[in-house]
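**Q** Chains as they are written, first to last, in numbering that gives the first Met the number 0: chain V, 0 to 757; chain G, 0 to 156.
Rather than coming from a laboratory, the hints here were simulated on the basis of the structure.
Wrong hints could be hidden among the right ones.
Facing chain V, according to a computed beta carbon distance under 8 angstroms, are these residues of chain G, among others [to be verified]: (1) P87; (2) Q89; (3) T104; (4) L108; (5) T122; (6) Y128; (7) L130; (8) V144; (9) L148.
Cβ atoms here follow ideal geometry from the backbone N, Cα and C, with glycine treated the same way.
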Amino acid sequence: MSEPNNRRPYRVLGTTPLREDGVEKVMGQARFADDVFLPRMLHAAVVRSPHAHAKIRKISTHKATAMPGVFAVLTGSDFPTLEPTILSHSDASTTDDLKDISENCMARDRVLYDGHVVAAVAALSRHVAQQAAEAIDVEYEILAPILDIEEALNEETPALHEDFTPGQFVLQTKKASANASGFEMNIGEDQDAFSTAEVVVEKRYRTRCVHQGYIEPHAVTVQWGSDGIMTVWTCTQGHFAIREQLSIVLQHPLSKIKVIPTEVGGGFGGKDLIYVEPAAALLAKKTGCPVKMVMSRAETLRGTGPSPGAVINVRLASDKKGTLLAADLELLYEAGAYPGGPVGSAGLAATSRYKISNQTIRGVEVLLNKPKMKQYRAPGGVPVNFAVESTIDILASKVGIDPLDFRLKNAMAEGDRMVTGLPCPKIGGRELLEAVRDHSHYRTPLSGPRQGRGMAYALWFGAGKTSSVSMTVHGDGSVLLNVGTPDLSGTRLTLSMQAAEVLGIDVAEVSARVLDTDSIAFSYKTVASRTTHSTGIAVYQAANNALREMARRAAVYWDIEESSVAITRGSFSDLGNPSRCLSFFELAKLLEKLGGPITVYGNASPGSNGCQLAAHLVDVEVEVDTGKINLLRYTAFQDAGNAIHPDYVSGQMQGGAAQGVGWALNEAYFYSEDGKLLNTSLLDYRMPTAVDLPDIETVILETPNPNHPFGVRGVGEVPIMPPAGAIANALYNAAGIRMTELPMSPGTVLEKIKENID
Amino acid sequence: MARNHVTTTINGDPVEFLCDTEQTLLDVLRDELHLTGSKEGCASGDCGACSVTMDGRLVCACLVLAVETQGAEVETIEGMADGDRLHPLQQKFLDHAALQCGVCTPGFLVAAKSLLERNPDPTESEVRYWLAGNLCRCTGYDKIVRAVLDTAAEMRE
Chain V
0 MSEPNNRRPY RVLGTTPLRE DGVEKVMGQA RFADDVFLPR MLHAAVVRSP HAHAKIRKIS
60 THKATAMPGV FAVLTGSDFP TLEPTILSHS DASTTDDLKD ISENCMARDR VLYDGHVVAA
120 VAALSRHVAQ QAAEAIDVEY EILAPILDIE EALNEETPAL HEDFTPGQFV LQTKKASANA
180 SGFEMNIGED QDAFSTAEVV VEKRYRTRCV HQGYIEPHAV TVQWGSDGIM TVWTCTQGHF
240 AIREQLSIVL QHPLSKIKVI PTEVGGGFGG KDLIYVEPAA ALLAKKTGCP VKMVMSRAET
300 LRGTGPSPGA VINVRLASDK KGTLLAADLE LLYEAGAYPG GPVGSAGLAA TSRYKISNQT
360 IRGVEVLLNK PKMKQYRAPG GVPVNFAVES TIDILASKVG IDPLDFRLKN AMAEGDRMVT
420 GLPCPKIGGR ELLEAVRDHS HYRTPLSGPR QGRGMAYALW FGAGKTSSVS MTVHGDGSVL
480 LNVGTPDLSG TRLTLSMQAA EVLGIDVAEV SARVLDTDSI AFSYKTVASR TTHSTGIAVY
540 QAANNALREM ARRAAVYWDI EESSVAITRG SFSDLGNPSR CLSFFELAKL LEKLGGPITV
600 YGNASPGSNG CQLAAHLVDV EVEVDTGKIN LLRYTAFQDA GNAIHPDYVS GQMQGGAAQG
660 VGWALNEAYF YSEDGKLLNT SLLDYRMPTA VDLPDIETVI LETPNPNHPF GVRGVGEVPI
720 MPPAGAIANA LYNAAGIRMT ELPMSPGTVL EKIKENID
Chain G
0 MARNHVTTTI NGDPVEFLCD TEQTLLDVLR DELHLTGSKE GCASGDCGAC SVTMDGRLVC
60 ACLVLAVETQ GAEVETIEGM ADGDRLHPLQ QKFLDHAALQ CGVCTPGFLV AAKSLLERNP
120 DPTESEVRYW LAGNLCRCTG YDKIVRAVLD TAAEMRE
């Protein structure tokens, strides 16, 4: 890993301390959601539809109910009936219609995808619950499923829903046809940009559904007390989100729901929506016992929200010197069974790294008989980045310019107008592309035949939103930091580091916790690369509040005006008598006599977390007999703003790149002709192993984000975007074949190689 | 149906338990003995999150029936540290930031320990192939491979 390129005057930031929660994790003691065991606890299992689309005629539960060890059975009729409900507050946990979410948790009169839940049962053991679930008899009237985008858009295809609330994730869509809703963004006035341009390239791309692939399946335990207070233990990216969704779906007051976040075994955008939580809660209410529900891997793949497949049409125009003049994009994304997929965020990120004066971007999301699509790391960003970065390489080659020079020539810079119409904020795009150009990887010749080098470039926005923290300075000088954003990857440490930096103490003196919904003020989810940035701002505030309160106590101790106390990096002194000085630790020890320990708060709601930028460079070798693509060398470049913990930044870059490589080369949902998911195990849904990946070298640049006190940018999402485009471009340079579909699996590549020979 | 009585050794301690015939070793470790360090990621032997050793052999606990452990020696992640003293692999995983969410970590540690017992001087390629039965979705494996190689080097000294 390369060190960040400029040293700044920080004591803690930029170092690589060890995480406090790490010891429990390497010892197998950390408590994840499935590790919750309560007295009298029952186990739940669900019945899932084997059909992609069917009416439910009848559910017979008597056989299950009669089985020894079975305590309760639940069907859709046990759920409250909701009117369409959209949350409008700016920190809403979901922008989906909660009526849809309720029906996604348990079908009412119709099942809309293979794996849709139709009933649930609570029993003494998981095994008995599963047997009872199998004994529940459901009569279906099978309906014709809609399985692909073109079919859903065909005017003759019947509507999946009589009516629907158009999706509004990031961008509001409007109903466009029976099964689709969309948006359009335009900038530029030149109607003739395409007809007058010297070089125009148009290409159609197709990608398929992929899953986030977190290793820990969804799990929840619910206790519903006789006082009506519901306690929920679950692995989630947002426990306040789960509380809000449960409150509406079960029509239960927010004040009577307590959600306790456990450790989370990966989320990547897939763990902020309720699935089996309401059923577990209703079973707990019915039985008076705590109820635990753990999904199997097959259930996780069939029944939770993967990232949508897409069809993307890209048209780009440039002059003969290689200046981009116009872009026209059509993004058709699957929504799945209910609206609200990530087409809006895909549209925003489609071209935003390039300066293009005339642009039209149309996004459409399409309802069909697959699971309700969800966010997955840079939601919607991978398919469109693959499409645009492939087309950029084709265009550069037509113009006769090196693809890197082409990207440099057209790179968006501060003040340029983006497709949103807004000026681009401060970003280090040019610097990043120059870092690629100057890197030894770029300058080292390839070593054999059938090898090629390719790159892709990406920008992602992320989000700000609300974070709350509290901080206590104890009388022994130790500091407790409580936060409301779940820790998916080490953020307790990156937040403690920011606290220690402000307080002027060692990071080992700060102990951080993620508290439950009763114990800390509202915080938005750990999503959109926001926690180290946005919760970090709240931590910065709290730490400064703590210093101010300590200064006040010092003033009392010395009997001087508060304004006469100077705070300098972990020590307090009397301006009128500089020989009087207390270290943070010394003053903390006096707190007991000066009013007790100090507890302060921080709360931030930043508008964004600054743009994230990444460029990836990859060397591939293609096996012409099998179509297999081998990765020989991989370098990821990223602007982190300020790399708080450089190892964690590089870890995000490597992990994102690995997921992007899986998406590019292997991962896809395979459906039968009647809409059953065929690959429901991790053997058949094949994610990259240690053997499939090379070392992933990382180069971190730091262009400080003006909207964070330490210059932090979001880091986590953007590295998943470039791999597919970079590999496709490298493959073209290796074998002269242009892949327009993902995944670029050996079979599809081999087919293309054969086509090329014919 | 009567439950099976099994006598076995787990992390050096004699252990007796009752189990149903269809229960796997993973079910018993987690649900009966509350040794929850072994994780269930797939229950089909594809992810390695439940890796344990049985009579010195690396296995997925989800693919072993609990009754098969009669008389066997089982080692789990809970037996890896010596009290509070971490095994060198555990320490190196922390030093190299080789975990993010941490759910796959116990399985990787058990598998890596098993590798180093057989091959104290593995090449990078040997480490990658040995660990190919363990899935990690957070790290891209790079830091895990470094941590194992670094441990091997240190333990050889």
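**Q** Checking each numbered hint in turn, tell me which of them this model violates, lowest number first.
**A** Checked against the structure, the hints that fail are numbers 1, 5, 9, while the rest are satisfied.
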